[in-house]
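Here are the chains, one letter per residue:
2 protein chains.
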Amino acid sequence: MVKERFTAAELEKFTREIYEKVGLSGSDASHVARLMIAADLRGVDGHGIIRLPRYVRRIRAGGVNVRPNIRVVEDRLSTAVVDGDNGMGQLVMSRAAEAAIEKADRTGVAWVGARMSNHAGFGALYAEMPLARDMIGLYMAVASANHMPPWGGVEKVLGTNPLTVAIPAQEEPPVVLDMATTVVAYGKIKTHQLTGKPMPVGWMINRRGEPITDPNRSNEGFLLPIGGYKGSGLAIVIGMLAGLLNGALFGRECIDFNADDSSVTNTGHAIVALKVSHFCPVEQFKRQVDAAIREIRNSERMEGVDRIWLPGEKEYTCLLDRRANGIPMNPGLRRMLNDLAASLGTDLLPDK
Amino acid sequence: MVKERFTAAELEKFTREIYEKVGLSGSDASHVARLMIAADLRGVDGHGIIRLPRYVRRIRAGGVNVRPNIRVVEDRLSTAVVDGDNGMGQLVMSRAAEAAIEKADRTGVAWVGARMSNHAGFGALYAEMPLARDMIGLYMAVASANHMPPWGGVEKVLGTNPLTVAIPAQEEPPVVLDMATTVVAYGKIKTHQLTGKPMPVGWMINRRGEPITDPNRSNEGFLLPIGGYKGSGLAIVIGMLAGLLNGALFGRECIDFNADDSSVTNTGHAIVALKVSHFCPVEQFKRQVDAAIREIRNSERMEGVDRIWLPGEKEYTCLLDRRANGIPMNPGLRRMLNDLAASLGTDLLPDK
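Residue numbers (the working numbering), protein chains in the order written: chain A, 1 to 352; chain B, 353 to 704.
It is possible that some hints are incorrect.
[Unchecked claim] Residues of chain B placed beyond 12 Å of chain A at every Cβ, according to the derived structure: (1) Glu362; (2) Gly395; (3) Asn598; (4) Leu696; (5) Asp699.
[Said to hold, decoys possible] Using 27 Å as the maximum straight-line C-alpha spacing, the simulated DSS-like pairs for lysine-lysine come out as follows: (6) A:Lys156 x B:Lys638; (7) B:Lys666 x A:Lys156; (8) B:Lys666 x A:Lys314.
[Said to hold, decoys possible] Short derived list, chain A residues pointing at chain B, Cβ under 7 Å: (9) Ala61; (10) Val165; (11) Gly247; (12) Val264.
What the hints contain is simulated information worked out from the structure, not anything from laboratory work.
Even for Gly, the Cβ is constructed at its ideal location relative to N, Cα and C.
Could you build the full structure based on these sequences and the hints that come with them?
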């Protein structure tokens, strides 16, 4: 299967036009398009343009407010809560990150929560926003569907609630850990469903605790947390920090945005910005991060392992490649996106 | 084997006298003793009085400063760095937690790092300190020995670098997640070494990636991170946040405090305090945490599972039992402790 490659600019224009058509303002449409294609550029395709049809479906079903009044409702010295007014998660989280960076610049650290938001795509994009200001970023979210029971349970009251940490380096790419609290995110299960390829033991279990390896039986079971009770506990505390603390939903109340296009999800997130210069000289820190990266990368490898990757390094390598050579797209996705554009009367993807 | 039970007061007195004898001030000796026995009270025996002989050995070898000048060296509005002057970790972290709580009370959130510290015992004790002020606490540390390679590697350049989150509830016990980034902490391996009991697959692997189940061959391999590359990545970012950012050691430079009694460990930690009332009314939040706890606890269980435990709930249940009925101690530990007291000329444990 030959994959055609598109430039980020081509995909951003395509995406922006569709968002404008379904009611977003020009600047909001541009912003969301840029963040979605930023995920494709980093090889995190599951949070990229592939999401466009589903996001549009939800907008057209009235599930998302296309002209939100996103505002800071609790504005303190080092903290804030952003009310997203049910706007696109990308817009809400960008606003929350801005607020966190501005506050952390004055006081050293800021913690900003968000409520009444929606699925915000690739979390690392928000955790990375403080990097340009020589700050460290942390991001947490309540996932937009529950795929996991608590440890010992069989009822899916928890999501894959992810955690992201971004740390600046000097010459090396930043360290960017972006992890679900489950062994795999649900997107990987979907990929196996499409191909029919068996799943490894350890990804999912059924209600009796037995492994599920047939991806077409995934609805009989649930995702496993990392480290057993530890990943389950991490999903719980992230749900409380990113959800409950900000007045957003957590637990059984969470709306499954795969199954329900119209209910308000009241998704919660949190972002922390931490100013390096309040702890030590910035260049000293970044050089130490470089040294730590190199020590880890160059440490002795297990036989058969070609390279030890730092968190976020694969995505960074992909970013360099795709910026230079374009973003590959399979024909099925291209057809689906062009069908969407045709139905809305916007420009199709350029011929290649 | 009959285990005798001692009251917390008895063990605190015993411990305090030993610390005073080896040079700590009366108030420092009391404080460290109280925090060590607090771990025993919670059933986290690996961080309790069992550590006393090793802590004392390190003090007598000159590896710890018994009269440290613990001071805040970077004092900003919402951040600080505490220099522990190579004092006991319990003293350094208590000071860091105090600073974080005081700052968060004014600005909503505070992030305080520590350097030139030492092993601080049970991390949840520090994350729990903000709870009494209706704050959430987070704690991270660079572990005091490297037991884990990065994912794909075989060289132990990483520790079990733990993460703790404590969240207040109203009627329920607080949610307190305290987790190493490895599947098990090294203490569990030591327990299996003592009993000779085989370890489950998934705890340790050897240099070829094969499971190690014989606890006496544990030195041929290393601990596995939770969720593979995820736990490895988490250990790396915690090492950078709790270590490098504060001028503390991380990576190959870390001193193995099991093997080396006299070198300065320059252990790093970080604590975050987050003021609930800056996000939402405290009682509303705590009642929502109660509701979430009950929803999770009462959700459907897997066959054969008696109870779904929330993070920290087992420790809380143990705390209530041991406060009322005393702390059980096996004869071997009692003998070891009495030998230590005899060698120092302090009072033995009371007869039972």
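Hints broken by the structure, by number, lowest first?
-> 3, 8, 9, 12
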